[in-house]
Amino acid sequence: MSTGNAFLVLSAFLASGVEFVEALTIVLAAGLARGWRSSLAGLGAATVVLAVVVAALGPALTVIPLQALRLVVGALLLVFGLQWLRKAILRASGYKALHDEDAIFARELAEAHGAARVERAGVDWYGFTLAFKGVLLEGLEVVFIVLTFGSAQGSIPLAAAGAAGALVLVAGVGIAVRAPLARVPENAMKFAVGVMLTTFGIFWSAEGAGAHWPGADASLLGVLGFVVLSSILLVRLLRRERRARFRAAEVRA
Amino acid sequence: MSRLAAFGRFWWEFVIGDDWLVAVLVAAGIGATAALAAAGVTAWWLLPLAVLFVLWLSLRRAIRSA
Chain A
4 MSTGNAFLVL SAFLASGVEF VEALTIVLAA GLARGWRSSL AGLGAATVVL
54 AVVVAALGPA LTVIPLQALR LVVGALLLVF GLQWLRKAIL RASGYKALHD
104 EDAIFARELA EAHGAARVER AGVDWYGFTL AFKGVLLEGL EVVFIVLTFG
154 SAQGSIPLAA AGAAGALVLV AGVGIAVRAP LARVPENAMK FAVGVMLTTF
204 GIFWSAEGAG AHWPGADASL LGVLGFVVLS SILLVRLLRR ERRARFRAAE
254 VRA
Chain C
35 MSRLAAFGRF WWEFVIGDDW LVAVLVAAGI GATAALAAAG VTAWWLLPLA
85 VLFVLWLSLR RAIRSA
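If you read the sequences in order, they're chains A and C. The opening position of the first sequence corresponds to residue 4 in this note's numbering, with each subsequent residue numbered one higher. The opening position of the second sequence corresponds to residue 35 in this note's numbering, with each subsequent residue numbered one higher.
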């Protein structure tokens with residue numbers, strides 16, 4: 004497997020895994036608070052909508068010329084990836100609260116318990132829409148990542164295989180424990196996904212713009228190293244700055 | 035109309051997020067890379083440096099507005 008394809012599978016696996024963990028939390032909260040029928044109906048309906056999106060967009064992306072596709076996809080991934088990376092760096096340096104799946108689950112559960120019960124077509128409407136919206140929104144990110152990564156790298160099936168692996172793992176563990184996957188190192192995974200998205204975004208958008216990377220696909224490793232080192236450096240700089248601010252505030256107090 | 039606006043807002047927040055300047059500067063960086071490449075100049079180095087600058091700038095903005 005080439006460097007590009009290995010990165011493709013790993014990136015799709017990690018990015019999809021993070022989204023599936025978040026979707027699982029919402030489905031579990033809806034199921035436990037409002038009943039499994041409405042929660043699973045929402046999950047099923049969202050899966051059908053996502054399948055339609057994939058069926059409509061997947062083939063359309065494969066007919067676009069590769070260079071134009073890489074330019075557009077690279078730019079989108081770069082903007083998207085920088086959002087993830089910025090949040091991950093802010094979390095790692097202490098400027099933003101860490102993502103806590105247990106706390107999110109408790110909040111969703113409390114809200115779901117407190118909502119009024121309205122039945123439509125035999126299912127609890129709140130539970131259905133909670134699960135539907137959660138799975139659809141998290142799933143759209145998975146679809147976006149699988150289709151853009153897959154089409155730009157020339158293999159949607161490989162990207163889909165990475166996402167499917169993550170789905171099997173998260174769903175399997177979720178069914179086994181019936182609790183939010185709080186032990187998954189989600190913050191570290193989000194950091195890794197931000198790094199991967201940004202790396203692919205730089206690589207493809209530069210290629211799409213007409214630049215030639217020395218060493219072709221192998222230079223992905225170089226770009227990855229650059230993004231990782233830059234991110235670590237930024238985390239350290241921001242941590243130091245934050246500590247200095249605290250010390251200055253303490254001295255003033 | 036409100037549904038159309040909500041649809042547009044969803045995609046804006048989904049792709050652009052909470053710092054529009056990132057998208058603008060990324061587009062400028064890609065444009066500059068394309069211009070260098072079209073002029074026959076080696077251009078692969080520009081985007082990584084531009085991304086580092088954009089990331090730093092966006093972090094500063096996020097910290098200031100927090």
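The hints are simulated quantities; they were obtained by calculation from the structure and are not laboratory data. One or more hints might be untrue.
Examples of chain A residues lying across from chain C (beta carbon under 10 Å, computed) [claimed, not checked]:
(1) Leu79
(2) Lys90
(3) Ala209
(4) Leu224
(5) Gly225
(6) Ser234
(7) Arg242
(8) Glu244
(9) Phe249
For each label pair, taking beta carbons as the anchor points, the in silico distance ranges come out as [said to hold, decoys possible]:
(10) Arg123/A / Ala72/C: 41 to 51 Å
(11) Ala62/C / Ala256/A: 35 to 45 Å
(12) Ala72/C / Ala174/A: 41 to 51 Å
(13) Gly65/C / Leu101/A: 35 to 45 Å
Just so it is clear, the structure is predicted and the values come from calculations on it, not from any experiment. Glycine residues also receive a C-beta, built at the ideal position from the N, C-alpha and C atoms.
So, going through the hints one by one against the coordinates:
1. Leu79: holds (6 Å)
2. Lys90: holds (8 Å)
3. Ala209: Check passed: Cβ of Ala209/A comes within 5 Å of chain C, closer than 10 Å.
4. Leu224: Cβ of Leu224/A sits 13 Å from chain C, so the hint is violated.
5. Gly225: holds (9 Å)
6. Ser234: holds (8 Å)
7. Arg242: violated (12 Å)
8. Glu244: With a closest approach of 8 Å, the Glu244/A hint holds.
9. Phe249: violated (14 Å)
10. Arg123/A / Ala72/C: 41 to 51 Å: violated (58 Å)
11. Ala62/C / Ala256/A: 35 to 45 Å: holds (43 Å)
12. Ala72/C / Ala174/A: 41 to 51 Å: holds (48 Å)
13. Gly65/C / Leu101/A: 35 to 45 Å: Holds, since Gly65/C and Leu101/A (Cβ atoms, about 36 Å apart) stay within the stated range.
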